[in-house]
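Colleague: Each chain, letter by letter, is given below.
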Amino acid sequence: MRIEEKFTVSAPADEVWAFLIDPERVAAALPGAEITEKLDETTYKGGMAVKVGPLNAAYTGTVAFDLDEANRSAAVHAKGQGKAGMGNADMKMTSSVVALGEDEAEVTVVANLSVTGILAQLGRGMMQHVSKKMFKEFTEVLGKELAAG
Amino acid sequence: MARHNVTVTVNGEAHSREVDSRLLLVHLIRDELALTGTHIGCDTTHCGACTVLVDGVPTKSCTVLAVQADGAEIGTVEGLADANGMSALQEGFMQEHGLQCGFCTPGMLMTGTALLAANANPSEAEIREAISGNLCRCTGYVNIVKAVEYAAAKMAGADAAGAEEDN
Amino acid sequence: MAPRTSAKICGMGHSMKRKEDPRFLQGKGNYIDDFTLPGMLWLDIVRSPIAYGKIVNIDTTKALEIDGVLAVLTGKDLEAYNLHWMPTLMSDTQMVLPTDTVMYQAQEVAGVIATSRYAAADGVAAVEVEYEPMTPVIDPFQALDDDAPVLRTDKEGQEDNRIWHWEAGDKEATDRIFDEADVVVREKMHVPRIHVASIETCGCLADFNPVEGHLTVYMTTQAPHAIRTVLALVAGHVGLSEEKIRVVSPDIGGGFGGKVPVYPGYVIAIAASVVLGKPVKWIEDRMENLQADSFARDYHMDAEVAADSSGKIRALRIKTLADHGYADAQAAPSKFPAGLFSICTGSYDMENAYAEVDAVYTNKPPGGVAYRCSFRVTEAVHCLERIVDTLAHKVGKDPATLREENFIPKEAFPYHSPLGWEYDSGDYQAAMDKAKEMIGYDDLRREQAEKRARGELMGIGVCSFTEVLGAGPSKDFDILGIKMFDSAEVRVHPTGKAIARFGTKSQGQGHETTYAQIIAEELGLPAAHVQVEEGDTDTAPYGLGTYASRSTPTAGAAGAMAARKIRDKAAKIAAHLLEVSEEDLDWEPGTFSVKGAPDKSVSIQDCAFAAYTNLPEGLEPGMEATNYYDPPNLTFPFGTYICVVDIDRGTGEVSVRRFVAVDDCGNIINPMIVQGQIHGGLTQGLGPALYEEMTYDEDGNNLAGSFMDYLVPTAVETPAWETGHTVTPSPHHPLGAKGVGSRPRWGRRRRSRMRWWTRSRTWG
Amino acid sequence: MIPPQFDYHAPGSLEEALALLGELDDAKVMSGGQSLLPMLKLRLATPANIVDIGRIPGLDSITESGGFLRIGALVTETALEENATVAERYPILLDTAKVIADPLVRNRATICGNVAHGDPANDHPATMLALRAQMVATGPDGERTIGVDDFFHGLFMTSLDPGEILTEIRIPAPGERSGGAYLKLERKVGDYAVAGVAVQLELDKNGKVTQAGIGLTNLGFAPIRASAAEKALTGATLLEQGGLMGAIAKVRGIFSGGMDADEVIAAAAQAAADATDPVADRRGSVRYKRNMARVLTARAIRQALSRAGG
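Protein chains in written order, with the working numbering: chain W, 14 to 162; chain L, 5 to 171; chain Y, 613 to 1376; chain X, 18 to 327.
By construction, these hints were calculated from the structure, which means they are not laboratory data. Glycine included, each C-beta is placed from N, C-alpha and C at the ideal position. Treat the hints loosely; a few may be bogus.
20 Å max Cα-Cα, derived PhoX-like pairs, lysine-lysine [stated by the list, open to error]:
#  : chain 1 : residue 1 : chain 2 : residue 2
1  : W       : LYS19     : W       : LYS145
2  : W       : LYS92     : W       : LYS58
3  : W       : LYS105    : W       : LYS58
4  : Y       : LYS924    : Y       : LYS1009
5  : Y       : LYS1022   : Y       : LYS1048
6  : Y       : LYS674    : W       : LYS96
7  : Y       : LYS1009   : L       : LYS158
8  : Y       : LYS666    : W       : LYS96
9  : W       : LYS19     : W       : LYS149
10 : Y       : LYS666    : W       : LYS92
11 : L       : LYS150    : Y       : LYS629
Label pairs and their computed distance ranges (CB to CB) [as the list claims (entries may be wrong)]:
#  : chain 1 : residue 1 : chain 2 : residue 2 : range
12 : Y       : ALA1332   : L       : GLY75     : 37 to 43 Å
13 : X       : GLN228    : Y       : ASP914    : 55 to 61 Å
14 : L       : ASN15     : Y       : VAL762    : 58 to 64 Å
Pulled out of the complex, with its shape left as it was, chain W reads as follows (with noise of 0.2 Å):
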């Protein structure tokens, strides 16, 4: 499944970036997501739980970094696996940040996910909803945050 996206941040491109690269503040945006552990430099050990009204998903694994600090790019390979048999995710996620003007900034963010297990199954493009709905959390939250600080 690929996804992607384009939106403008007010927010100077350099604060857009420093969020983009940073694991933490990214956890934090993404509601369910933590992460746990810093392995090395560029990865770390983190968990994603998803839960949509009585459906629980809990995944944990691993997040890695991959900066092209000077196009301002970021590549991101998170993959995890569920519990009690739900199967994997893998998601290749590239985040570029492009200056618009001193305020503003657009993102574009491609990613490639994978999901294997029965919540893939159950072919009612329920991963498709939940993963649409996540990046707009996520880019709502971005969005906010930025232009709060």
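Starting from the known structure of chain W, arrange chains L, Y and X on it as the hints suggest.
Modeller: Same frame as chain W, now just chains L, Y and X:
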């Protein structure tokens, strides 16, 4: 996990058991009461092999907790025949070749029994609609429809004969 | 054909009511999940959520802490006994439990054994398996790419994902015809991966007696004898030799080919019973059944027909890719890796043909079962009938007319097909005529033309198929080397009642009734007095089982032949009782009488009593016979089906208005049962035509893994099938029967529902 | 398939039920259980407690009073199907009930459960949107009424608080000339909708649409109100009128350059399609689903019109 005392009357006979909250009615019937005529065919409430009557209402017993049935009158396939033999619907299935492997048959019979109780003379479309929650993989349904029609006709005949006697 | 026997005897041709029905109708069937043994434990299986990957770790700690969970078996545990791999029926290998790699979603990863099914399920949820996912190979065409990863690294010398290449026919001669033909049409088609979806799932109850070293396995198998032999081959080295194994196949809630293979769950249950010394039951749930058990079809076919300008078919050429999943676990005869696909020239006379099939490995469940069909015959018929339709459109002929002009004429039988079959008998035009008459073909074509002129959509589909059943003659047919004969043993007791045992196993086909009728036909004993038994390897004679519509052509024939042996003996006894010589006897079913003096007679029951009480000198007492029937040829039933559909132009919804099926399956034993089998086959053809399909996404997720998305037709979608028949007896079968039980014959010209723009030629 | 462990509670009164919801951690309300139990068996949901409201008396009635049809929490689909008032005055509800799952499931499944589950693939939510229903939620502080437009938040999410129970759905009684219809395209009986459309129309005595309600099933993250489509219909006269008035109206229409009925319906149908946000799955592509929304909306409008008494 909480345990509950459950009393159900199955085919006229009362049974009490202490069960877990999560025990499914179909497992109470099959495993605890050893009435294995009621079958399990899916997990998602689609196939109807587990259909029983709960207070006369055809119900998929894999999607009801045993505790929910506490105090209920339950009818299973084992209760359809009596001392006089098989019911008109059971006879219809035999006469019209409404079954092959027999696995979906108990569920079909329970749904059909309830249909005929509510509608003595169902049309083909009504029969097909009524059994649309019961999957059969062998017969192609044509002969199941005929079996229900056979039973309806037989029961109407018996009613007519009974009415004549009353006169 | 009028029955030869009285209604009391109820031999062939009578629509005898089924002997098995009273128990099924009263909830007294004995299906696998109905068995309980003292001290029985439950097996439930941990399955892979991913399609392909390494197993990093299996942590069973939490599972073992659950009250009632006794043990967790992994591939490493089985490896210690060399039981972690097993052979498939096609001489490939398949994992029982993986030691390092999982190859498809829902593959067995570990077995949890507990004191109840609830505790076992909790245990499954608590086993923590860490995977390192790898990119799966899902598309069978990509599986053959040079850069595709080799999936079966366990197989020595396996350098790509090709399993085998098979071909039939004269390629050069066929190519020559194509080069010079007036008309060539071509169509690519996919008969999708589907599933038998019998309403009863698979399961077993393994009971190992550690004191006697004896194993009894109650299991839902269509081929109990073959399974016992396979079990002995797999586990002989740990002491389970064939005489110590008893397989009992109880009532089966639908098989359709899906209960032929050996699934890992059976072996795990047996291993658990051996290890724990207790009976262990394993019953699949529906999702396991759909996601892990053998599939059917999944043939990607590229078909071409060469014809002259009038539409006379000259040659057929088919290139096929068969997606077998991660192992070739078909239950096909050894010499026929593509089954009987070479029946693909069907009902039409042509100069030459060439067909080839390449089989590949992918990250999907293994299989390729003969689903309600005789080994790939459905695929062959679908392919041919669709391309013939395309030809009719191309040359502008009515599809029925084009077929008629190409039929093998009835005088041409026995007919040698270009791909090497000898068709036993046929009258294709008669079946076509009857189908057209039943449905009112010409009127429908007129209505269709009018509707199309108004912009309404209505389709008429015609199919004239020839099947090949009854595998099979031992010179060509074996499974794992075991010849594909089948068997019957008939015993007539002193009071004139009989028991007959067969090597096959009914799953709803009504063997208890039809076999009794066959014995009744031959011996004149009332069918009601013939008890039929199957499925217990301790008592039944060895046979290859029931699948691929082979029971009547093989075991049915064996029953007739065994009964004839008994009749021959009865004649000797009758001659003795009537004090005449055998040559002076007349035989009417059930009675021997003296030629010219019909009132001087004895019944078959008299003879049976005498066989135990009053024998002619020198004759062996008793009245029983066994026959292992090795058919001289296969049988070639045929028929014509015509279907009318209305299509909603707005939504693409297809509704079947009428469907007429005219079948010719030779002489019929029980018309009621045959009609029922045809209804079932038609419905299982409707399924994949409009509703059923196993699909996978690019990550290898099975998207039709429950009845939510594997759409088995209900009574509402299924039309009121109309059936008719013609009778062309098989010249070589002892009863003239050809067999039935298959027939999922449905075109899939277009998946119209998903394409609201449905082209007006749909099914036309 | 075996549900995970949980504790089951069967309160005998609403008060008791609400108290349990207040006391218990991670509790889930169950009425018919026909959505919840399959989720439990698949172990997609793992609540610690289930509060079964099925034994609470007084929640199983359908009554028409105070300008509303009132559907209690325990009214089953079958009871709705068999109700004479519903058949006569709310045919759109009957349309909806009849295409939900199968008859056996409908014997236990409840309308309130179908709505409270918050599944955009369920059928009643769209109908409730079309009917402008009100949801009565009862919690520890008593009753509150939630308009249907504020009720659905997305997949499995509604405005109900964890401590609340949907005790009643109130549907405004239809005006004299009104009619509605629910059309569902499904792959086979018992399936979730490929697309579903509910249309409820209210006409004045001249046949002009005074109010239109259109709800869409399984075409987005939540049940969708097709507001633009409603607007396109409101104020339009879609019925052929006979006699002199009809002729005058027609002539007026021609001179004013207004759209004829077919064009209005087509525009509304297109607006409904534009309001959808479906995802591609085995039921079809995004394009196919949008098109189905259009086709079904047009058909549902026509059926609603004919029921409004043409």
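Colleague: So, against the hints stated earlier in the document, which numbers end up violated here?
Modeller: Number 7 - this is the single hint that the structure violates.
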